[in-house]
Amino acid sequence: MIDAGFGRLTDPPASLLLARVRILDPAAGTDEVRDLGIVDGSIADAAAVPASAPRIDGHGLIAAPGFCDLHTHLRQPGDAAAETVASGARAAARGGYTTVCAMPNTDPPIDRPDRVRSLLDAGRDAACRVRVVGAVTVGREGMAVADLEGMAAGGAIGFSDDGASVPSAGTAGQALRALSALDRPLLEHAEDADLAAGGVMRAGRTASQLGLPGWPADAEVAVVERDLALAAETGARIHLTHLSCAASLEAVRRARTDGVRVTCDVTPHHLTMAETWVAGDRAFAWEPSRRDPSLAFDPMCRANPPLTTRKDAAALLAAIADGTIDAIATDHAPHPAERKLVPFDQAAPGLIGLETALSLGLAAVEAGVLPLAALIAALSTRPAAIIGEARGMVVGGVADLVVFDPMARWRVDRSTLASASTNTPLLGMTLPGVVRLTIADGRITYRA
Amino acid sequence: MTLRAPPRAWTHRHLLDVDTLSRDEIDRVLDLADEMREARETRAHRSLLDLETVALAFYEPSTRTRVSFELAAKALGATVVDLAVERSSAGKGESLVDTLRTLRRVGATIVVLRHPSSGAPYLAARETDLSIVNGGDGTHAHPTQALLDALTLREALGSLDGRLLAIVGDVAHSRVARSNIHALTKLGARVRVGGPSAWVVGFEDWPGVEVATTLPAALEGADAVMTLRVQSERGAVAGVGSLADYVRDWRLDEERLASAAPGAPILHPGPTNEGVELTAALANGPRSRIGRQVEHGVTVRMAVLALVAGVA
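Chains as they are written, first to last, in this note's numbering: chain A, 823 to 1270; chain B, 6 to 317.
Next up, chain B with everything else stripped away, as it sits in the complex (with noise of 0.2 Å):
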């Protein structure tokens, strides 16, 4: 079969973050995203992996991101494992590493990882011979949803180049968050981080990431805005008061959303607490783009596999 993206340099054998990935690759993920939409549907590359074995190893919950991984590895045709954690060694405290060489010995070839700590994944990446993809490594980096949300933005704005792009909610705690950064910024984007001041803290420094602690200065002329969960099993309210003050000063709505560009589009990477970080009028409302994303999801996860397996 042949795939109709043309061919750039992918060298990378992990997806560990997209800080490491130049433009031209992540513009070359999205691409082979959109052409994995229709090949989906026509079940084009659906023995494009079939000589890899991909395990999910997930250390935290997830429904989504376990799932559209599942869902991408088997539209392409690869053995797909699900270890799940609590009914495994894992759960009766074997380490992460060698649970990882456990599995490249029963045949695992790449290994979809999400772990609570930040930067277990580039642990698994120096001491198992696995290729590793990022799941979500604690407050740390979410590549693939970085990747999605790069696209469902794509898709609504066209370029990002120059765009405004605000995120909102507690960004500390977030590896969403961290991820888009990098993402965005490498597409030309302006990002700007809004949250109580406790949950954007750490990021006056960062090149290209400028800080608000108001809605409406985050909001201010967005060409788009992602909102946050909030994450209470991060410990995250506290220090920003309680969950009520936060709502009052940060829920998204129509009316607030006034101060950002006409239509702009609203992201979030899931799952949302309706009525806290926005209003169920807004979540289901015409300038959501959060069903967007979930189907963005499972092809950029196509893509991502098919890139580090080196056949794309």
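The following block holds chain A by itself, in its conformation from the complex (with noise of 0.2 Å):
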């Protein structure tokens, strides 16, 4: 018998079959069309399902390993209004991911081993695993570095000054020397704040245009060459996070190839949206621009790094092909809506990412400008592995998955969208990919 869907699934324990799905596993290089079986939370043989379990038609659908957002902000503590563990470990199940990595820039800063403990036990009944990164620096202020190996110990993950470079070489190098005894990564918001002076959106023709400030490239790139630089030196693990400009994928390429242990990631939103978003494009950076001049200065459109060219666009999408990019994060970004319901230039930086993050993904994977083996690796196994976590899909693990549709299309709406925030410029589009089924730690955190 089958069952009509995932939406009846209750929960625990968590076993199904899924009948005739598509099952992509990075980890094993594996793409086979078959069933799936899940027996109380774990992967299992499909003989091994018990009849009773429900049994669900999978033809059409892709299971993947669960995915892994390495640069999420909850907002916790300091910002309900914007959004706390729970809304956003909800936002990101809806998004088929079962582990974020909260950023420390809440408020308190989380740059003490008791506020890691504390976020962590937050996150413990979440909708998602939450993993905690820690400040660099104290109040991450830039000057002293935090007690890193404290917070190490109490369970962060990495480390961060997010929202910002460590602003002098001199503290990023000494808080690498203390992070290679510690093998945590350094995940650095990369943004010389000379040279980014004022921007708020990348210089170039569409700023000139708009008469808005515009936001070098350079500023990237010279923190990347001097972080790359320091853990060349120190050799210390240094995670370069929402790269927005081909010369720092160039950097990273030559670091690696000179022993660098360096990783980076790429957001949905400078892989889709191009700078002429602002101008009220809303055509993906690889179509045509499209232009719609009521919807210019749409605060939405404000990031930081601000959203790149379509050349560098089509530069990063290539890197996650050829590896050089290790993963898609999302650097969700919730903000209230009185704070973006203001001109541009004044409006706070960010979007909301968890939810449209895979959709993004699958549209530039219906375009033919990303493969879809590459797009999932991107945003499941190889995030964790940064972080020292392995998924599979492999017979006798903890079903750790999402089930999606890759066809089916959605609305980003106001309405639906779990995050307690719904700053993004895709309100409204229609977007490829529906989340069907999340499964977190072999329980079922997410269906529909």
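Fair warning: there could be bad hints in the mix.
To be verified - Partner residues are not named here, just some residues of chain B that face chain A (Cβ under 10 Å, in silico):
| id | residue |
| --- | --- |
| 1 | T25 |
| 2 | A125 |
| 3 | P126 |
| 4 | E132 |
| 5 | S179 |
| 6 | V206 |
If you are wondering where the hints come from, they were derived from the structure by calculation, not from laboratory data.
We treat Cβ as the ideally placed atom computed from N, Cα and C, and that holds for glycine.
Using the supplied hints, reconstruct the complex from the two chains, each of which is provided in its own coordinate frame.
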């Protein structure tokens, strides 16, 4: 008997048979259509699934390892109007994520072991695993290096002053030396504050036409080069987050050749939305521009780093396919409506991303500019590996997976987003890819 | 009453910039402005906007733009309220959108918005059901200035087709320059922007725009010259040396204008810094159209208000 769908699944226990589903497992390098069994939250042979368990037709669906987001702003503590651990984790589950790494730029910042532990506690019952990134410097002030060892012992998976770079090379070097002993990465938001000074969108023709101060690519590349030199010097691991410039990718490639331990990620919006979106364009970066001037200066399109050029977006997509970029990380940056209901240059930068990352990736896959296998690996196994976690679809392993319909379409709508915030320029757009089921650590966290 | 200018398609509820106007629509504004000049004297259209309440929301200082909008609205019979920002809740930190929604609730139908943030009028148009006229936003656009400049140039030169207009000065910080580029290129003119390289950066890729970084190169063969205000309030002089350097290399005078077309008219959006952008003799001389620009400011704004109100 085949049941109608996922909506009727109960939990616990997560036992079911998903018939004829396409299973993509980047860890094993497999891509096959077969029956997927889950028994008591573990992946099992189809034959082992009890007859009483629900059976669901998986035809046309894809099952993949649960997604892992290396860059999430859960806004807890301090900004419940934007997001909480609970609401952010629900958004994550709805987007197919089973793990998120919470960034420490909260109020107060996560810059002490007790704060790491209390955030981990807050995530205990959330709809996904919550990993914690600690601040590099005390108060994220860029001066004194925080108690990295204590925070690592308390469970921090990496360190970042995200929202800004570690401002001085001396402090960054000092932090990297400490981290090399802890085998935890520095997750760097690469932005030279002097070079970026006042820029609110990528410098270039569109910025010039709109009369908005430009943010030059050099602002990113300068810090990328600095950090790669420091990582080479210290032997520490550096993870460059939300890269947005082709020149940064070149620097990463060169450093890897030299043996520097560097990984990097890109956001879904830098892959898909060009800087012309600030002028009202709503075509994906690989499509011919399609402008609606009434959408110009939409504060939803303000991000940091700013939306990139079409040329850089193409380079970023290619770098996922060729492996230069390890991960797609959302930089999910929820903001309450009033912080975006202001002129563009006054708007808080950032957009939500957990519920749209897969869909934006699938749009690129449909357009033929990103291979499906590379997309799935960049969302799941490769980011997980950066924080030292394994993912896979092997029999006997705990079920930690997402099942989605790559062909189904959904409309991004304020009322259906699980995040507490709705700041995305995608509102009203119809995107491919609907998540049907998310199982985190053997537990059903989302079904539709 | 009847309007003589033949009705042509005008579907815009807002005037945010001139880039979305067609050549026909720009001509329509200019023709209507010509008509308004006569109508203003005979008070022929004194009740054209009697159903409208025009609010002036100026978040930056302004004399000529604010006053000419006020006179334009009153000449057409509108009720006019001036939101004195420094004396209002906006001065107490009320958000722009909240202030505009309040204006709507008390009966405003059209808001003329001047704001230091580029794009603020777009936010206003999206988030309220007011009709928004951009009175200058940041360094982005100043559409009514560009339209009155186009009218002044049309009056001085006849058709703008194939004419070369030089815009000289701090182009990078100038909303006037940006809107003029859109308006004049739509009317068939070529535009050359000239200034110290830091002041013309970013314009190399604009369609239909040439860039010059010396005054002789900027003026060579120009049919008209617009010189822009040195906007020290926007941090402008930084990046190009001292004001004295600018005056030495870029101030317009009769002698330097010799390389432009004979008798080329001179425009300036005001307020002028006489002796900085141009000599007093030039500003007050026979080539100067600066006074005419100010006069056109009222009639062009009458035309714009009538069009966005849907009564012309």
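Hint by hint, here is what the structure shows:
1. T25: holds, 5 Å
2. A125: holds, 4 Å
3. P126: Nearest chain A Cβ about 9 Å off; hint holds.
4. E132: holds, 7 Å
5. S179: Since chain A brings a Cβ to about 9 Å from B/S179, closer than 10 Å, the hint holds.
6. V206: Cβ of B/V206 sits 8 Å from chain A, so the hint holds.
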